[in-house]
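J.: What follows is each chain in one-letter form.
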Amino acid sequence: MNLQVDENGRLRHFLSIDGLDRDILTNILDTAESFTGVTDQTIKKVPLLRGKTIVNLFFEPSTRTRTTFELAAKRLSADVLNINLNASATSKGETLLDTLRNLEAMHSDMFVVRHADSGAAHFIARHTQPHISIINAGDGRHAHPTQAMLDMFTIRRHKAEFKNLTVAIVGDILHSRVARSQIIALNILGTGEIRVVAPRTLIPAGIDALGVQVHHHLESGIKDADVVIMLRLQNERMQGALLPSEHEYFKLYGLTEDRLAVAKPDAIVMHPGPINRGVEMDSQVADGSRSVILQQVSYGIAVRMAVMSLAMRSQQDAGGTQDAN
Amino acid sequence: MNLQVDENGRLRHFLSIDGLDRDILTNILDTAESFTGVTDQTIKKVPLLRGKTIVNLFFEPSTRTRTTFELAAKRLSADVLNINLNASATSKGETLLDTLRNLEAMHSDMFVVRHADSGAAHFIARHTQPHISIINAGDGRHAHPTQAMLDMFTIRRHKAEFKNLTVAIVGDILHSRVARSQIIALNILGTGEIRVVAPRTLIPAGIDALGVQVHHHLESGIKDADVVIMLRLQNERMQGALLPSEHEYFKLYGLTEDRLAVAKPDAIVMHPGPINRGVEMDSQVADGSRSVILQQVSYGIAVRMAVMSLAMRSQQDAGGTQDAN
Amino acid sequence: MNLQVDENGRLRHFLSIDGLDRDILTNILDTAESFTGVTDQTIKKVPLLRGKTIVNLFFEPSTRTRTTFELAAKRLSADVLNINLNASATSKGETLLDTLRNLEAMHSDMFVVRHADSGAAHFIARHTQPHISIINAGDGRHAHPTQAMLDMFTIRRHKAEFKNLTVAIVGDILHSRVARSQIIALNILGTGEIRVVAPRTLIPAGIDALGVQVHHHLESGIKDADVVIMLRLQNERMQGALLPSEHEYFKLYGLTEDRLAVAKPDAIVMHPGPINRGVEMDSQVADGSRSVILQQVSYGIAVRMAVMSLAMRSQQDAGGTQDAN
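Chains as they are written, first to last, in the working numbering: chain B, 14 to 338; chain V, 14 to 338; chain H, 14 to 338.
Derived by calculation from the structure, the hints in this document are not laboratory data.
Hints may be right or wrong, so weigh each one.
Same chains, same label: a pair holds when it works inside one copy or across any pair of copies.
Pairs of lysine to any residue, SDA-like flavour, derived with a Cα cap of 25 Å [as the list claims (entries may be wrong)]:
#  : residue 1 : residue 2
1  : Lys264    : Pro278
2  : Lys87     : Gln142
3  : Lys87     : Asn177
4  : Lys176    : His120
5  : Lys87     : Arg326
6  : Lys172    : Thr141
7  : Lys264    : Arg23
8  : Lys264    : Thr108
9  : Lys176    : Lys277
10 : Lys58     : Leu113
11 : Lys264    : Asp31
12 : Lys58     : Thr141
13 : Lys172    : Leu307
14 : Lys236    : Gln308
15 : Lys236    : Val275
16 : Lys172    : Asn200
17 : Lys58     : Ser90
18 : Lys236    : Gln297
19 : Lys264    : Phe136
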């Protein structure tokens with residue numbers, strides 16, 4: 014049984030890209046498309062989730078991610094509660110499950126979950142009552158599915174068919190929840206060729222099973238690529254022995270206009286942000302004509318609105334029968 | 014003169030259960046009853062407090078309590094400002110009274126006050142302009158009246174008449190603002206028999222004056238009880254000499270299914286949360302069929318909506334004359 | 014080119030009083046006048062900015078200032094995001110400009126900026142896309158223009174014509190962004206006589222160029238004044254050699270009823286808050302009949318509503334053409 018999909022095959026939780034099929038991903042992208050127009054209106058709101066209670070349940074702080082979900086929820090007219098669980102009842106010795114039970118009892122409709130542990134969002138979805146939808150806003154190294162979907166949306170907006178595309182993902186593949194989610198999404202959408210580009214120390218074992226080509230040199234990795242996705246380098250990785258200095262990393266894997274010349278002439282450059290300028294890429298690329306990095310941010314709101322409204326629709330239809338009693 | 018009641022005998026502040034009569038408490042319970050349906054609606058909101066400004070004025074942090082009041086206010090369509098006064102102007106040397114004057118001048122309508130000092134909510138109500146309602150969200154050891162009212166609401170939902178009930182309150186009676194508020198409310202509502210159950214060190218002197226029976230053994234205390242209210246054990250009490258270890262406490266006062274067998278067969282078990290599982294009760298009881306702990310949380314939103322809307326109605330009617338000038 | 018004014022001569026950013034003319038200031042005051050009635054309504058809201066996204070972008074914490082802007086925005090029906098940039102992505106190494114780009118990409122409409130560095134709000138306005146309005150909520154020693162405008166509003170409400178007034182500003186002129194903004198506003202509005210009153214160490218060099226009279230004695234400084242504006246003494250100034258003790262300061266510059274006797278009989282006393290009672294003035298003055306300090310707070314909401322709605326109107330009209338494409 015797939016936790017993420019209801020009996021009618023529709024999205025009810027959004028925990029990871031794994032286990033979703035092409036129809037569902039395409040439906041998310043199409044729904045997001047319909048929300049891009051909302052921000053052009055004078056009143057940038059739709060009343061879809063009016064009176065719904067969405068809880069941003071953040072077990073690790075992330076202003077950036079919290080902001081995008083809060084904004085998406087408000088544009089859907091939902092009420093938003095921000096709960097930072099470091100500063101809350103769990104510190105009073107309450108278990109996670111008791112915290113969930115309490116928020117359920119308050120008739121919350123959706124938890125947007127951010128957690129440092131892989132699998133936390135799945136755990137919460139398995140242990141939450143059916144009337145609550147769970148959206149994964151990043152769990153450890155495991156998944157960051159709304160980020161992956163906004164990346165897919167950005168690609169689809171700029172390129173024709175996934176099946177004709179070559180997409181290169183460059184950087185710390187090993188530790189990146191974004192990369193994992195992207196690869197799976199690209200596969201489901203039938204992407205022609207997926208490459209990962211990184212030093213040997215930052216490639217996870219068994220990555221071939223995901224149907225990707227592995228490159229250790231930037232030039233060969235992005236050659237003739239239609240899409241170049243640069244991952245964010247986590248500073249903390251620098252501390253360990255896995256990576257040389259930032260300077261050294263830039264020399265080997267940093268994207269410059271010169272290097273980008275080997276990609277397709279109309280290649281687009283993506284990055285989940287925030288950019289370490291001069292590490293993953295130089296500013297000429299980040300701010301250049303082929304960068305779609307800020308569009309990713311824009312589309313991120315529309316994609317989150319889509320995921321939230323789809324999951325809520327599934328809950329509401331399920332609840333409809335219940336209301337009839 | 015009763016600070017909490019306006020000239021028409023209606024609630025204008027909600028500071029403590031003391032000083033309120035059975036009509037007012039019953040009116041709160043009846044109003045809460047009318048709000049329980051709101052969460053079953055597709056749009057879980059009523060427009061009663063639209064355009065009103067409610068300030069959560071928290072002098073000590075409590076995510077849990079803040080969340081319930083914020084949610085209740087939003088479901089009444091009010092605008093909510095969260096002000097944590099540790100991180101605010103008071104640290105700039107502003108006095109409490111100047112802070113109140115400022116929030117009044119901004120045309121706030123209601124302060125929900127949480128403070129570590131007993132009597133803080135009364136102090137603020139005495140020193141605030143008449144157009145502001147004060148709701149006590151917990152002041153030191155003194156009172157936590159919305160918690161007491163949600164407990165009364167839960168009892169009324171499950172049992173017939175208060176006058177036929179035996180209610181046992183088990184735990185640290187001495188330090189509990191919840192217990193104090195509960196005992197007074199139970200008395201006002203005419204409860205048949207009220208018992209407190211605790212070791213000698215955790216019973217306040219002169220408790221008999223409140224019309225309760227004192228028990229030092231759990232079994233005698235909950236025998237034939239209709240309602241068993243377990244209090245939360247504050248960890249900090251363990252530090253002092255007042256209590257043995259958590260393990261020892263559980264052995265003497267912890268609720269188990271076995272022990273609960275001496276209560277009435279249809280007894281309900283309550284707890285204000287968060288539960289220390291294995292201290293106040295084991296998980297079999299907490300999650301068992303007689304536990305109504307999560308219903309308390311649900312009803313808590315409805316009760317807070319009731320208290321807020323009643324107090325605001327009193328202010329508004331008073332203000333109506335003022336507007337006419 | 015004036016950054017603050019659009020091609021039709023209307024306010025589009027509100028960064029400082031400098032560079033604005035009397036028409037614009039008067040328009041702000043008149044618009045604020047129209048908003049003072051909103052708080053007398055049962056529903057204290059107008060739908061002017063419904064569906065707009067206003068970001069409180071605070072690079073230094075200020076609960077007091079954040080609260081007034083949040084309240085003004087909510088009374089205009091806008092959606093508000095509070096972002097404290099100490100706890101956010103900038104700590105992940107993101108540059109300020111990247112943070113701005115991201116918030117732009119999320120289709121924010123307005124940034125309310127608080128920053129410890131002088132000129133930060135101008136910097137942000139210069140580097141933000143045209144569809145975003147910037148409101149300066151205090152930048153270093155430079156400006157605090159909404160505070161100055163609420164002071165002007167308060168004066169206009171109590172006195173007839175600026176040209177017939179004598180206004181004395183007392184305190185740490187050197188370090189005060191409020192004083193700077195006030196002096197410029199008073200000049201633009203044609204105030205008869207502007208005096209600054211402070212010890213030599215707290216008067217900036219070249220202040221005469223601003224058209225003010227310098228006084229070092231309180232009595233001569235406030236003699237026959239119509240308006241006495243007391244500045245807040247920053248405690249941190251005491252640490253340095255610039256000032257004697259608080260006690261000594263009060264002896265020389267603290268306002269008492271006795272001293273106030275030399276001002277006009279109907280003089281008003283102002284202070285931006287929070288007051289250090291017994292330092293800038295004693296409580297008899299602060300709470301006395303000539304104090305309009307709490308009215309300043311009230312008017313502050315109306316003035317901020319005015320500035321926000323005017324700036325947004327300018328953006329919206331500009332955007333109107335864009336929408337037509």
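J.: Any hints from earlier that this structure breaks? Give me their numbers in increasing order, please.
T.: Numbers 3, 4, 6, 7, 11 and 19, in rising order.
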